[in-house]
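For the record, the sequence lines run as chains A and B. Read left to right, the first sequence gives residues -4 to 521 (our numbering). Read left to right, the second sequence gives residues -4 to 521 (our numbering).
Don't take each hint at face value.
Note: identical chains are not told apart, hence a pair may lie in one copy or across any two.
What the hints assert, rightly or not - Listed below are the simulated PhoX-like cross-link pairs for lysine-lysine, each with C-alpha atoms no more than 25 Å apart in a straight line:
#1 K359 to K443
#2 K100 to K8
#3 K443 to K496
#4 K457 to K3
#5 K500 to K436
#6 K443 to K500
#7 K233 to K221
#8 K100 to K131
#9 K457 to K500
#10 K171 to K107
Read the hints as simulated data drawn from the structure, not as lab findings.
Protein chains: 2
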Amino acid sequence: MNYLDFDKTEGYKKLVALASGRGHFDFAASLNAERVRQRVVPMAAGLTYSWAAKAVERPELDLLQALADEQELIGKYRAILEGETMNTGEHRTVLHHLLRGQVGKPVIHEGKNIGEFYKQELDRFSAFADQVHAGKIRGSTGKVFTTAVQIGIGGSDLGPRALYLALENWAAAAGKGHLRAKFISNVDPDDASQIAASCSLEETIFVLVSKSGTTQETLANELFIKDKLIQAGLDPRKHITAVTSETSPLAHNPAYLDSFYIDDFIGGRYSSTSGVGGVILSLAFGPEAFKELLAGAHEADTLALEPDILKNAALLDALIGVWERNFCGLPYTAVLPYSQALSRFPAHLQQLDMESNGKRVNRKGEPVAYATGPVVFGEPGTNGQHSFYQLLHQGTDIVPLQFVGFTESQRGDDVTVDGSVSQTKLKANLAAQIVAFAKGKTDTNQNKEFLGGRPSSLIYGKRLTPKALGALLSHFENKVMFQGLVWNLNSFDQEGVQLGKVLTKQVLSGNSGDSALDAYSEILGI
Amino acid sequence: MNYLDFDKTEGYKKLVALASGRGHFDFAASLNAERVRQRVVPMAAGLTYSWAAKAVERPELDLLQALADEQELIGKYRAILEGETMNTGEHRTVLHHLLRGQVGKPVIHEGKNIGEFYKQELDRFSAFADQVHAGKIRGSTGKVFTTAVQIGIGGSDLGPRALYLALENWAAAAGKGHLRAKFISNVDPDDASQIAASCSLEETIFVLVSKSGTTQETLANELFIKDKLIQAGLDPRKHITAVTSETSPLAHNPAYLDSFYIDDFIGGRYSSTSGVGGVILSLAFGPEAFKELLAGAHEADTLALEPDILKNAALLDALIGVWERNFCGLPYTAVLPYSQALSRFPAHLQQLDMESNGKRVNRKGEPVAYATGPVVFGEPGTNGQHSFYQLLHQGTDIVPLQFVGFTESQRGDDVTVDGSVSQTKLKANLAAQIVAFAKGKTDTNQNKEFLGGRPSSLIYGKRLTPKALGALLSHFENKVMFQGLVWNLNSFDQEGVQLGKVLTKQVLSGNSGDSALDAYSEILGI
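Could you build the full structure based on these sequences and the hints that come with them?
See the structure below:
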């Protein structure tokens, strides 16, 4: 496989030339019903990717397809699936796809079949959840568990939390709600204190998640909770289960009810489909719901092998994003789900994207001379319409938009007002926004004029189920992966977190070695 | 007063010249203890604005001061306070400062003293909250209210919700927790359905908030809730109170327990210190807590009259932001509170800033030729450190940062791990990040190198109390106002929301008049 910096490819040069000769894209003239019906790519789990409102035409598509071929994106994806060392900084393979099922050949590492290991852990924590639900595993006073609290940060928090919130209403409507879940993440002691105070501790099981078993915030919060359990006369060993790697201090440790394992081939932000997300989601909604989520992700992972960009939603989405980032000069993208259930999904995608591709060196550690990952932000619609959409419509800069929407609500509980139910209003707003952003509106009063030309994509489906959610999650993981491959990055390390950790330790040791750091510590009352 | 487009000012030309001749700013050499101690501006309520880690020196400061003087920022602020028509699009005065107290002369509109009107409404809803707390106002089955649910969207949701979350732990620790608050905002029916299902309706009071009384989402959610109340055998008239304008259909309406009023001079995103935020916060924490919040905001409003930019935190913050936006070319800014209580404060600031200054026309409706409001996003630290900070540290672009931190936690409930409490760890992380972003770190392995040069500000204080929160809120409101004045914008309208509303109505009427809109409606199953 040939790993080339993006600006060394033929495709890059051709795209630069194309962009420089390109005029204003006129959506008002070109966005019609035919375009909307034709520019769709089927995704996994019944979802569809619509790119009608993207400002790309045949010339861009041809060059983007040629770029995908030249950068061997599908071949490199296959290499990831088959266990090549793709996390070049940390010399690791990247195997989160294998959590959902085997797409390529089996991956054997040091004699161990990794896929079988992941399957075994899935079976173990599924059985654990079943036992909790059956009342066979109980708290130290004999009460059944009604609440599960995840203690973790970053990838051990944002993804699992976003997925939990995404399925809470689905589960309520489907009668699949088992334990209620809560999350403690921040080292701010108010976070753990508030959550602990809100729980009936004797009915609460804690899921302690840290791959290394050394995460400062998570260990502080673990001890915080252990103190509370002991103060309440409870035995912490009966109230905490761990998710970690086999080499961590949390592994095989009698301080916990049980421990479930991941390994170094699963990056934090890619770990939602491992025990990191699986234990809490199985406790909350049952192992079958979590397995459906895995099935949706697996189906999407398989579809992502398609080399034709017009048949591979993740690949097309990635390449259009590269076009917007590198050739239209747009440094951000907004994620706008028209689904309250996806309220924290943008925060997860923010980590997924910005931590993977917010890099200035290539996979060999050499600086690159082109823009890489964009800033990602977002809130659910229609809420955002009454907030930051003003800038998106009429600001001085263009922000590419990523919409998500569903035909049906999750709870099916609705009200008719002025002749339509709320779910219809929600969808009408979504359709209206896409067209408003693209086409704009002329007005003699320029304060009421909308220039349009704001590109957007739309992922839509029938209903947000575990399977659809898994497909959605995988879509974005694979999109980010393809972009990282275009940019020749290592999307799987995060060296940018290290310096802060080192300086924090220096402050806490009382010997920072930096006068500014001492002065900041002083004004903050350390 | 002279309203000039920014690029027509002398200051603009001088700043362009300064920026073009300016080299790399070397924080590693210049950020030391002296700089940290000296570059602070006292704010209201004991807060402090630190700008040591901003890349501005004497030449920038001199030009920014001259710009502030040339654009008559303080004079224009005073004109706002005294009721000049500053919302030029809608021909309205802008009086949210008056909600907190009178800074300038009394404002008389059509013979009415507006400040007295605001004070009267504050007194009315304070008394209302007291009566609810005393059990004198009860639900229709005679039970006392234990939960208050706000129904509102945009400014009627994000600000009040952010403030509620910011004070929940303060109230718990101070014994000031009265009613628990929840929020319904989205027209997605799952939002209202989930919240309704989570409440004991006979013990719940709803606060219906819509200035116009015609907000589509809010009216749909009101009827949703009324149905639920009726189905539960309850009388909606005994469970809903309204916050609206006196000309709205919700005013003086026997369908509600009571109605509290604002007027057209209070923009949605500036309404948190009116009954829009005041009713729910007074129900939750008592009227005295809300009045302390107002006192903090009023103190900050008064300090913002100071013409010396080195003594006016909101003004300095605004001008440094303009420097970064227009002369350093940085199109975004991140808000990073090291306080879990401020978890939704960035979402409020996102609306406040992007809806106020995301404009491409000046206050007379003429297009401007310079960049205006930036994209604003953020999450609490330390959570963000394990997420998108990778891009902030090592991405190809620079994102200016706004940190917030406090000496003490709100609940005072903490644990010692490895020789320090969690609150100390939180602060050590904050100090470390500021220095890491500014100074970076050289490394022979460029993947482990940090270029530094990432500018940040820090607002710090002893503890997040209602008064400090009011000061913080006002700081950002006034910062955004000053930036809008520099850019010669009308920061107080939001025409960008209109087109989507019109197209939504067309979809719902079944006659969209646009084939693309019809096709999107079709694929979404409308």
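Alpha-carbon proximity between K457 and K3, which holds within one copy, between copies, both or neither at 25 Å: neither (42 Å within a copy, 53 Å between copies)
Intra- versus inter-subunit Cα pairing at 25 Å for K359 with K443: Between copies only: 12 Å across, 50 Å inside.
Status of K500 relative to K443 across identical chains (alpha carbons, at most 25 Å): Only across copies: K443 and K500 sit 18 Å apart there, 53 Å inside one copy, limit 25 Å.
Alpha-carbon proximity between K500 and K436, which holds within one copy, between copies, both or neither at 25 Å: between (55 Å within a copy, 16 Å between copies)
Up to 25 Å CA-CA - K107 versus K171, copy category: neither (35 Å within a copy, 58 Å between copies)
Intra- versus inter-copy proximity for K221 and K233 (alpha-carbon distance at most 25 Å): within (11 Å within a copy, 44 Å between copies)
Intra- versus inter-subunit Cα pairing at 25 Å for K457 with K500: between (49 Å within a copy, 23 Å between copies)
Within, between, both or neither, where K100 and K131 count as close if Cα-Cα is 25 Å or less: neither (38 Å within a copy, 71 Å between copies)
Copy assignment of K443 with K496, given that the CA separation must stay at most 25 Å: between (49 Å within a copy, 13 Å between copies)
Homo-oligomer pair classification [K8, K100; C-alpha up to 25 Å]: Answer is neither: 35 Å inside a copy and 63 Å across each miss the 25 Å cutoff.
Hints 2, 4, 8 and 10 from the earlier list are contradicted by this structure; the remaining hints agree with it.
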